[in-house]
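Residues in the sequence shown are numbered from 1 upward in steps of one, following the working numbering.
Keep in mind the hints are simulated off the structure, nothing from the lab.
Each hint should be verified, as a subset may be incorrect.
Pairwise CB distance ranges, derived in the manner of DEER restraints [said to hold, decoys possible]:
(1) Arg88 <-> His59: 19 to 29 Å
(2) Leu24 <-> Ile3: 14 to 24 Å
(3) Leu29 <-> Arg82: 20 to 30 Å
(4) Arg82 <-> Arg41: 41 to 51 Å
(5) Val12 <-> Arg85: 50 to 60 Å
(6) Arg18 <-> Val66: 14 to 24 Å
(7) Glu86 <-> Ala28: 25 to 35 Å
(8) Arg18 <-> Lys52: 17 to 27 Å
(9) Ser7 <-> Asp32: 18 to 28 Å
(10) Gly9 <-> Leu49: 28 to 38 Å
(11) Ile72 <-> Phe17: 21 to 31 Å
(12) Lys15 <-> Val57: 14 to 24 Å
(13) Ala25 <-> Asp77: 36 to 46 Å
(14) Val50 <-> Pro14: 19 to 29 Å
For lysine-lysine, the following DSSO-like pairs were computed, each having C-alpha atoms within a straight-line distance of at most 27 Å [said to hold, decoys possible]:
(15) Lys42 <-> Lys52
(16) Lys42 <-> Lys15
(17) Lys15 <-> Lys52
(18) Lys53 <-> Lys42
Glycine included, each C-beta is placed from N, C-alpha and C at the ideal position.
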Amino acid sequence: MVITIDSAGRVVVPKPFREQLNLLAGTALEIDLDGECLQLRKVDSAPALVTKKGVLVHHGGTRATVDVAAFIRAERDARSRRTIREGRR
Numbered sequence: 001m002v003i004t005i006d007s008a009g010r011v012v013v014p015k016p017f018r019e020q021l022n023l024l025a026g027t028a029l030e031i032d033l034d035g036e037c038l039q040l041r042k043v044d045s046a047p048a049l050v051t052k053k054g055v056l057v058h059h060g061g062t063r064a065t066v067d068v069a070a071f072i073r074a075e076r077d078a079r080s081r082r083t084i085r086e087g088r089r
């Protein structure tokens with residue numbers, strides 16, 4: 001992916017990268033020069049879990065690779081089948 005430096009020397013981190021790494025406005029990044037490459041790293045200064053309106057919210061960078069809703073549905077179905085079997089005894 002090619003991005004452009006503006007006249008003030010700024011670059012925009014593309015949205016898919018910001019979403020994957022959970023880069024929000026104000027997120028601290030560390031920049032290093034490696035030969036002719038620039039490397040940006042997220043500075044992990046804030047906890048992954050924060051409380052918003054009394055509810056814990058995860059702000060970590062790793063996204064689940066499993067369909068969480070399907071997993072929960074399957075577990076509920078299995079529990080229902082077990083409960084029905086146990087009730088027939």
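So, going through the hints one by one against the coordinates:
1. Arg88 <-> His59: 19 to 29 Å: violated (46 Å)
2. Leu24 <-> Ile3: 14 to 24 Å: For Leu24 and Ile3 the Cβ distance comes to about 19 Å; the hint holds.
3. Leu29 <-> Arg82: 20 to 30 Å: violated (49 Å)
4. Arg82 <-> Arg41: 41 to 51 Å: holds (47 Å)
5. Val12 <-> Arg85: 50 to 60 Å: Given a distance of about 57 Å, which is inside 50 to 60 Å, the answer is holds.
6. Arg18 <-> Val66: 14 to 24 Å: For Arg18 and Val66 the Cβ distance comes to about 23 Å; the hint holds.
7. Glu86 <-> Ala28: 25 to 35 Å: The hinted range 25 to 35 Å is violated for Glu86 and Ala28, with Cβ atoms some 53 Å apart.
8. Arg18 <-> Lys52: 17 to 27 Å: holds (19 Å)
9. Ser7 <-> Asp32: 18 to 28 Å: holds (24 Å)
10. Gly9 <-> Leu49: 28 to 38 Å: holds (35 Å)
11. Ile72 <-> Phe17: 21 to 31 Å: Since the Cβ atoms of Ile72 and Phe17 sit about 29 Å apart, the hinted range of 21 to 31 Å holds.
12. Lys15 <-> Val57: 14 to 24 Å: holds (20 Å)
13. Ala25 <-> Asp77: 36 to 46 Å: holds (41 Å)
14. Val50 <-> Pro14: 19 to 29 Å: holds (25 Å)
15. Lys42 <-> Lys52: Judged against 27 Å, a Cα distance of about 22 Å means the pair holds.
16. Lys42 <-> Lys15: At roughly 15 Å apart (the allowed maximum being 27 Å), Lys15 and Lys42 satisfy the hint.
17. Lys15 <-> Lys52: holds (23 Å)
18. Lys53 <-> Lys42: Given pair Lys53, Lys42 holds - Cα atoms ~26 Å apart, limit 27 Å.
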